[in-house]
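Q: Using the supplied hints, reconstruct the complex from the two chains, each of which is provided in its own coordinate frame.
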Amino acid sequence: MGQTEFWLAIVVMAVVTWLSRALPFVLMRKSTIFGRLASGRFAILGPALLVSMTVVVVYSDLQQATSATGVLSYFCGLVAAGACARLTRNAGFAVLAGMAAYGAALVVLPA
Amino acid sequence: MSVLHNGLRGVRAGVPVLLGYVPVAMAYGIAAKGVGLSFWETVLISVFVYAGASQFFILAAIKLGTPLPGIVAMVSLLNARHLLYGPLIAKWLPPALRKRLQAAFLLTDEVFATAFHGMGHQPVNAQFAWYMGVGLTAWLSWIGGTVIGLLAGSGLTAQFPQVDQILRFALVALFCSLALLSVKRPMLRALLIASVVTLLCLIYAGATPAILAGTVSAWLCFVPGDHVSSDGGAKQQDMAGESHGAD
Chain A
903 MGQTEFWLAI VVMAVVTWLS RALPFVLMRK STIFGRLASG RFAILGPALL
953 VSMTVVVVYS DLQQATSATG VLSYFCGLVA AGACARLTRN AGFAVLAGMA
1003 AYGAALVVLP A
Chain B
1494 MSVLHNGLRG VRAGVPVLLG YVPVAMAYGI AAKGVGLSFW ETVLISVFVY
1544 AGASQFFILA AIKLGTPLPG IVAMVSLLNA RHLLYGPLIA KWLPPALRKR
1594 LQAAFLLTDE VFATAFHGMG HQPVNAQFAW YMGVGLTAWL SWIGGTVIGL
1644 LAGSGLTAQF PQVDQILRFA LVALFCSLAL LSVKRPMLRA LLIASVVTLL
1694 CLIYAGATPA ILAGTVSAWL CFVPGDHVSS DGGAKQQDMA GESHGAD
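Residue numbers (the working numbering), protein chains in the order written: chain A, 903 to 1013; chain B, 1494 to 1740.
The hints are all genuine.
Here's a subset of chain B near chain A, in silico, CB distances under 7 angstroms, partners left out:
{"id": "1", "residue": "Ala1544"}
{"id": "2", "residue": "Ala1583"}
{"id": "3", "residue": "Leu1673"}
{"id": "4", "residue": "Ala1683"}
Derived by calculation from the structure, the hints in this document are not laboratory data. Nothing here was measured: the structure is a model prediction, and the numbers come from that model. Ideal Cβ positions, reconstructed from N, Cα and C, are used throughout, including at glycine.
Extracted from the complex, chain B is given alone in its bound form (with noise of 0.2 angstroms):
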């Protein structure tokens, strides 16, 4: 198979994300033309920070006249949890540095969770080419709605609303579908524990450290050594995640 294929199939697993995108990257133009940005001051933040909750950050910073080492403290906060990420992925890229510091410019957390269940089933020569097939979709996606932000305005939104609704709700049927396909019996109880954890968190705390809470209370309370029979290799192996259907 082809670099060109692999890539495609991998665009093609990136078009639930793609459709998430597109509406909150148009939030994020019509947003930022609130503020005050230019176009191309706009477009050039989606271009290179290229991270949702920073660039909506960036925003609201910009709006109070928050001082730079503080937008840049937040912004490193709002970015931990992309620590968490490159392990869970690494194995299935090349290890060619110039290769890894491409993937990681489109690891966010959409393209991170598409390619957690999708890059182990790949081909091991058509993983690296898969996955920037999604990355790619989802940069292009997030860069091109936060044109059509600029260009169509509130007007587009405020026409279609439940268009605009529906394509939003896109992201979080991912997400949703991602963790239950993901989810095996044995992870259950820790699950549930992180879950409350994480709400709890989230309360009190705010998102990103309530994502990381959440994950290191379940690495707490998950023991896989009680649900490992005789022939436990092979259950180890399911419970590891890499048996479903693939994008």
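Pulled out of the complex, with its shape left as it was, chain A reads as follows (with noise of 0.2 angstroms):
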């Protein structure tokens, strides 16, 4: 790929990848169709994008892992975040938490 080509390419994309991002923001500018999108059957639609993605990034994660202490370790993390999170609402505590079992975990469990 040559110079400008490269330069094309990466220009292309940009664009593509914020049109993507801002074409709803356009079309829903003046329009109240997608108020609805938070109500009624719609309702599940966030939700069931965040469990999605949580499904794949868990996933690919744990294809990844090469010993039963990284995925031990793994879900203790997953635990401790989920519990702070139902206890305090709060997720940026739940990170930590989940990050400080995590960690805890890679150093206590046996390699």
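A: Encoded structure:
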């Protein structure tokens, strides 16, 4: 790939990425149709996206795990993050608790 | 409350994203150096393309010599899920086109997840500043991580492998906790089915189709009417996932 073609590819990809993010915002600027996306049957779309992304991230990570200790530590981190999220209802604290538990498990559990 | 104050609240909400982005962006910087991209080429891709999966795909495409139309088609497919994010958070953004276009540039998976959870809890006049605080924190941490990866190279991650491993866990913990916080009891059956569909599609078709298929299957399986009693209105509102604690 030549230098010109490389930069053309980068510019096209930057525009495509931005457009895919901007299109719904622009289309919905004066429309009220999408306001219903947070109610009724559509209320599940947001949580479903988050759950699907979580499944993808967790599965991809576990596929790369090389040891049982790694998997166990991973689940310790997930449980700690989940428990902290439920108790504090604060995602920031949950992330910190998950990282702390994951790190502690990596150190404490036998390799 | 001033714009700056609201923006800073957004920055605080964006810290978990920052913790997760830095090591991944470092990995991108290291990999870009590996395929022979210059410092500025690598940094400018992070600045303007700003999409993790697409950027790693660009590196692979450069390595394989993939033609331009093929790269654009794949990046479009990878970004298809973004079309679903906008409709869910657009109601919290001001109608001004310029502001919406600015907000769109910063909309990544993690920013969407954080905004979907926290934006509704901000006062109406603070929502845009809060969102920009989250978005800019994520964007700058992505650029910063890329630069660190380029400058420090693989030596840093090799020297502290466990710190790198723990920091990478931040994104998983973020998704897991935000998903848990957004789930309501009446949604459990549909979301369980969606998880299975996502997993199957992930194995056979890849990440983006899996996310889209999982979301659509949840929508198809979810019947809110079954769970609405005589005080259905209140219950419906609760199911919309708008009653969580703030950031």
